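Undergrad: Put together the whole structure using the sequences plus the hints.
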Amino acid sequence: MIPLGILAAAGGAVAAAGSYDLLATEILTGTQATVTFSSLGTYAADYQHLQVRMVARSNRGDTDSYLYVQFNGDTASNYNHHYLRGTGSSVGSDVTSASYPSGILDINFLPAATAPSNSFGVATLDILDPFETSKYTTARTLSGQAGSGYSRIGLSSGAWRNTASLTSITFDDIFGSFVSGSRFSLYGLKAGA
Amino acid sequence: MPTPTYIPLQTITLGSAASSVTFADIPQTYRDLVLVYNGNSSGARADTLINFNGDTTSGNYSAVAMDGNGSTTFSSTYLSAGTIDNVSKDIFTIQVMDYSATDKHKTSIIRASNSASIVRATAYRWADNSAVNSLTFKTQARDFTSGSTFSLYGIEA
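Quick note, the sequences are listed as chains A and B, same order. Every letter in the first sequence is one number past the one before it in the numbering used here, and letter 193, counting from 1, is 193. Every letter in the second sequence is one number past the one before it in the numbering used here, and letter 25, counting from 1, is 25.
It should be emphasised that the hints constitute simulated quantities derived from the structure, not laboratory data. In this text the structure is predicted, and so the values were computed from the model without any measurement. Note that beta-carbon positions come from the ideal geometry of N, C-alpha and C, so glycine has one too. Watch out, some of these pointers could steer you wrong.
Not the full set, but computed from the structure, chain B residues with beta-carbon under 7 Å of chain A [stated by the list, open to error]: (1) Tyr6; (2) Gln10; (3) Met66; (4) Thr77; (5) Asp98; (6) Ser100; (7) Thr107; (8) Glu156.
TA: Written out as structure tokens, the structure is:
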């Protein structure tokens, strides 16, 4: 069964065994400001879409931090991003590219130093057609964290305004560093015949 | 070296109405779990309650949800007595992240919907570092109806 609606783990249907592969994993053993998956071109022949599954926490001295996703090391203002977010009392939506232009931003995902101990945020990031050179690379996330004082659930999408084939993905805790135990796993969804 | 994953572990299809469904003895060889539910509950719309490892301790669960019902949006938090007040709509998919890790609480994200009334996304946390070895689903004072399906998958990392 080929996934219905692209990537199953984002909340849609289910991938078939053999169509969804684990490609790489980073499980941090110390604090680290960024995590990068590189040499992604080696996957271009076999995979149509990518997914990253993340479990992370920040050491920022606050309730939460923000996460950038950057493609091919591009830190210029070449990204668009918008989100829908529930806080437990209200639902809001915004475009964040004006204030945070240097990546696709997730603001619902990273509990930080004053959040409850041992609580981590989680997210699935779907990157669609990352190796096609006729379109901008587009991504979406489902992310959240739950706990006393600071809870967030969010849907977001973003685009990197570049048609280059994807060669690297960088995750940047823009106000701090990811703590030990944070985990980033990269998966590939195979193309059909 | 790519590793095929998203492995089907178990599917439960109810042959008759049931007040709860449990996945027990979940293998610890994966990093994440995905649970896909497609079903219904008897009577009026009911929420689904989820226990990890049979834990019904009050205060060990917290959740935040975001909803749209066709005319408005709203968000709420849930701190139920030992359970998580997820939605039991027509369908939901739960991502239980790092379920086999023992260095953190277990946080999950859910997409749920009832085509007649609501679409929802939820994050929830079980405040326990233990590895998850069982998942129990219940509805509030109602039953899951015959034909409801629960499918569990394991994802390596």
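Undergrad: For each hint, tell me whether it holds in the structure or not.
TA: The hints, checked one at a time:
Interface restraint check for B/Tyr6: the shortest CB-CB distance to chain A comes to about 4 Å, inside 7 Å, so the restraint holds. Checking B/Gln10 against chain A: minimum C-beta separation of about 13 Å lies over 7 Å; hint violated. With a cut of 7 Å, the hint placing B/Met66 at the interface with chain A holds, because the nearest CB-to-CB distance is about 3 Å. Taken as an interface hint, B/Thr77 checks out: its beta carbon lies about 4 Å from the nearest beta carbon of chain A, inside 7 Å.
Taking 7 Å as the C-beta contact cut-off toward chain A, the hint placing B/Asp98 at the interface holds, the least distance being around 5 Å. With a least beta-carbon distance of about 11 Å to chain A, the hint placing B/Ser100 at the interface is violated under the 7 Å criterion. Proximity of B/Thr107 to chain A holds as hinted, the smallest CB-CB distance being about 5 Å (cut-off 7 Å). At its closest, the beta carbon of B/Glu156 sits 5 Å from a beta carbon of chain A; the interface hint therefore holds under the 7 Å criterion.
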